[in-house]
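Asks: Below, each chain spelled out in residue letters.
Number of protein chains: 2
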Amino acid sequence: MLQVAIYVFDGITALDAVGPFESISRSKEVQVTFVGRQAGAVRTGNKALALVADKGIDDVRSANVLIVPGGGAPGLDDAISDPVLHAWIKEIDATTSVTCSVCTGALILGAAGLLEGRTASTHWRAKAGLARYGATCSSKRITRDGKYLTSAGVSAGIDLGLTLCGNLLGVELAEAIELSMQYDPTPPFGTGNPEPHATPARVRMIEQMLR
Amino acid sequence: MLQVAIYVFDGITALDAVGPFESISRSKEVQVTFVGRQAGAVRTGNKALALVADKGIDDVRSANVLIVPGGGAPGLDDAISDPVLHAWIKEIDATTSVTCSVCTGALILGAAGLLEGRTASTHWRAKAGLARYGATCSSKRITRDGKYLTSAGVSAGIDLGLTLCGNLLGVELAEAIELSMQYDPTPPFGTGNPEPHATPARVRMIEQMLR
Numbered sequence: 000m001l002q003v004a005i006y007v008f009d010g011i012t013a014l015d016a017v018g019p020f021e022s023i024s025r026s027k028e029v030q031v032t033f034v035g036r037q038a039g040a041v042r043t044g045n046k047a048l049a050l051v052a053d054k055g056i057d058d059v060r061s062a063n064v065l066i067v068p069g070g071g072a073p074g075l076d077d078a079i080s081d082p083v084l085h086a087w088i089k090e091i092d093a094t095t096s097v098t099c100s101v102c103t104g105a106l107i108l109g110a111a112g113l114l115e116g117r118t119a120s121t122h123w124r125a126k127a128g129l130a131r132y133g134a135t136c137s138s139k140r141i142t143r144d145g146k147y148l149t150s151a152g153v154s155a156g157i158d159l160g161l162t163l164c165g166n167l168l169g170v171e172l173a174e175a176i177e178l179s180m181q182y183d184p185t186p187p188f189g190t191g192n193p194e195p196h197a198t199p200a201r202v203r204m205i206e207q208m209l210r
Numbered sequence: 000m001l002q003v004a005i006y007v008f009d010g011i012t013a014l015d016a017v018g019p020f021e022s023i024s025r026s027k028e029v030q031v032t033f034v035g036r037q038a039g040a041v042r043t044g045n046k047a048l049a050l051v052a053d054k055g056i057d058d059v060r061s062a063n064v065l066i067v068p069g070g071g072a073p074g075l076d077d078a079i080s081d082p083v084l085h086a087w088i089k090e091i092d093a094t095t096s097v098t099c100s101v102c103t104g105a106l107i108l109g110a111a112g113l114l115e116g117r118t119a120s121t122h123w124r125a126k127a128g129l130a131r132y133g134a135t136c137s138s139k140r141i142t143r144d145g146k147y148l149t150s151a152g153v154s155a156g157i158d159l160g161l162t163l164c165g166n167l168l169g170v171e172l173a174e175a176i177e178l179s180m181q182y183d184p185t186p187p188f189g190t191g192n193p194e195p196h197a198t199p200a201r202v203r204m205i206e207q208m209l210r
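Protein chains in written order, with numbering that gives the first Met the number 0: chain B, 0 to 210; chain G, 0 to 210.
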């Protein structure tokens, strides 16, 4: 069995975690474990959804794949400034064949020291933050640098998960998984790409009207 | 505040619920409540992830929007054959301005009697099942018939959620939400559309190799 650990924390963006989970967990050859700072429920940034971490970091000592999703302040800031968490991430990373982040999860990998000198993707609003950890920010939806696979914001985790399926399970099965998820997206507004859509007016709207 | 109730159950497909949740919950004007048969955790079909229902059906008597995600046997079958659940769905539906399903959630709405004589979308493998409830199956990714908004399988719930944002919150804010989710998808394999990809060989692979 391929062991996949997904780290979850208070403030997490649910789709960052569930996007890659949905594809990789479809294979019978994969066992996914949700891991929290401690075992128990964590809440999304808007508090409306709780996901359960079945294990705490003290219970997990290795994984074939580590996935670190993103989230928002204050939970993300806590994860960025938590040396015990960083030590665990480095310990697990030493055992993985692939280490992944989705969205602002790249900031957590960066804070743990894993992205220094590497090229990585993150949410379009988090690029300056990621650069602080010595990473070169890519505008690609998915970036691979060595064994580090990082994605752009939120929904890009679905593409990261399917890419991972192709790498680990083979293209034929990954194609079947994409079909089983009926992943033939039709974004209703066509505004998901920051270039040219992240205009100052729209960024202000995101800051003022959204949580 | 706009009240959105998302029904969750053992056997649920996580992305069916989290896809629409991720967009609609980003507005400060929306309160999302996860509702289970009873309050407490439910597990996805593959058991790897537990989502917490903060309320049970006895705690919720109305909603502006009801979303019913899908899942797999045996949990889906339980929901399809549960008259107490169906009575609750009809009670809530009598109070909503929009009632939605994602994927095989349409079978639950159908079993509750809400889709008789209506046109609806569902997962490509569930069309025959949906027809049994007197619905006409659409191959569209999103179908609107009166106040019923139904989507195709799994990942189509993201498109449904953003469509709902446009209808309820206005196009400008929905565009900003799509950008905040960086929803500019690039399916790695291009096999998400059942036509022409749901060949007998691939359907057999899905049945044999996937959970």
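Just so you know, these hints were derived from the structure itself, not from any lab.
Just so you know, not all the hints are guaranteed correct.
Note that the list lumps identical chains together, so a pair holds whenever it fits in one copy or between two copies.
[To be verified] Taking lysine-lysine and the DSBU-like style, the derived pairs with C-alpha atoms no more than 35 Å apart in a straight line are: (1) K89 to K126; (2) K146 to K46; (3) K89 to K146; (4) K46 to K139.
Because the structure is a prediction, the values reported are computed rather than measured.
Asks: The structure should be examined with respect to each hint, and the outcome stated for every one.
Replies: Outcome of the hint check:
In this homomeric assembly, K89 and K126 come within 35 Å of each other (Cα to Cα) only inside a single copy, at 22 Å, whereas the closest approach across copies is 47 Å. Taking the closest pair of Cα atoms, K146 and K46 come within 35 Å of each other both inside a single copy (33 Å) and across two copies (28 Å). Only within a single protomer do K89 and K146 lie at most 35 Å apart by alpha-carbon distance; the minimum there is 13 Å, versus 50 Å between protomers. For the identical chains of this complex, K46 and K139 are neighbours both inside a copy (30 Å) and across copies (33 Å), given an alpha-carbon limit of 35 Å.
When each numbered hint is compared with the structure, no violation occurs for any of them.
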